[in-house]
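As numbered in full-length UniProt numbering, residues 1 to 292 make up the sequence shown, in order.
In short, the hints are calculated from the structure, not lab data. Be aware that one or more of the hints could be misleading.
Restricting the straight-line Cα-Cα distance to at most 25 Å, the calculated cross-link-like pairs of lysine to any residue (SDA-like) are [unchecked claim]:
no.	residue 1	residue 2
1	K189	V41
2	K82	K162
3	K112	L230
4	K237	C142
5	K212	V41
Label pairs and their calculated CB-CB ranges [as the list claims (entries may be wrong)]:
no.	residue 1	residue 2	range
6	N73	E176	45 to 51 Å
7	R172	E222	22 to 28 Å
8	L62	E275	33 to 39 Å
9	K229	R70	41 to 47 Å
10	G233	R90	45 to 51 Å
11	E169	M113	23 to 29 Å
12	S184	N73	24 to 30 Å
13	E275	F43	42 to 48 Å
14	M102	P209	23 to 29 Å
15	N235	T64	31 to 37 Å
16	M102	E240	17 to 23 Å
17	S184	T64	23 to 29 Å
18	L72	M102	15 to 21 Å
This one's a predicted model, so the numbers in the text were calculated from it and none came from an experiment. For glycine and all other residues, C-beta sits at the position ideal for the given N, C-alpha and C.
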Amino acid sequence: MGYPNEPTNPEFVNTAPTDSTNYTTASPGGLPHPVALLKSVDFMDAVAFGKAVTEAHLRTCLYTRETIDRMLNQPTSQEHIKRYQSLSNRELWMEVADKITMAVQQIIEFAKMVPGFMDLSQDDQIMLLKAGSFELALIRLCRVYESSSKRVIFGPVFLPLKTFSAFNEIERALQERIFEFVDSMISLKLSEGELALMSALILIRTDRPGLKDMEDIQKLHEKVLTALKLEVGKNHKEEETTLAKLLGHVEELRNLGGRHIDVLNMFKRSAPDVEFPALHKELFSVEGIEGS
């Protein structure tokens, strides 16, 4: 993954030219005709846009709804629970880092499939992913957590949160805040389409550091918001406050993302020899967020 004014890495962003912009029409004098500067996303209405984002979401989730339901109905063996309870603090951090990295890989693919995202500059694509990927991972966490039993999918099984006993007090406090957020989101009874559009809304924001083409990002953000309003209005006709409650989670997501970086760096200072996955290091570092 590249940084501003540095070569970008095609592993994270497709660097090939897209055909979503038509440059073939010219106006007199050799200048592009105004219509030629429009992108395919500009011609999509809110319903079609919402469907495209939902499809991107469903195609890039690690677990289908059917798989989640099947896993939920399978008892967790004591062997699995004891295995994770026996992990040291650094071993647990490595397990969590691996799971987050897997989720982020799918989030990057989701971003590429959101209409209009690949039309943004490569630098802006990277900055948006760096700033928003952990927050999107928390939204996806809502799909794989069962509130009543306080269990979460961790690898091949649902595990009780108390299994992760190797976290210290500060780390456990962050875990509690994260799952309080997840519980609150689950209480809204959101559809996959609403989760998808909320993810796109969090991804595409003009208040992220290091962005350049604010106008294009804001235009796409507004398109996402319009589609989200339609989806929420369709699914929650009797609950007029659902949209306000959903948007009220935006700031908490950002706070959790910042706190995650703080706690992660505390761990890194205590265990400087621990090697995180390359993608994890690229995304979740003080330099990666503040220095962007």
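Checking against the hints above, which ones are violated? When the structure is compared with the hints, numbers 1, 6, 7, 8, 9, 11, 15 and 16 turn out to be violated.
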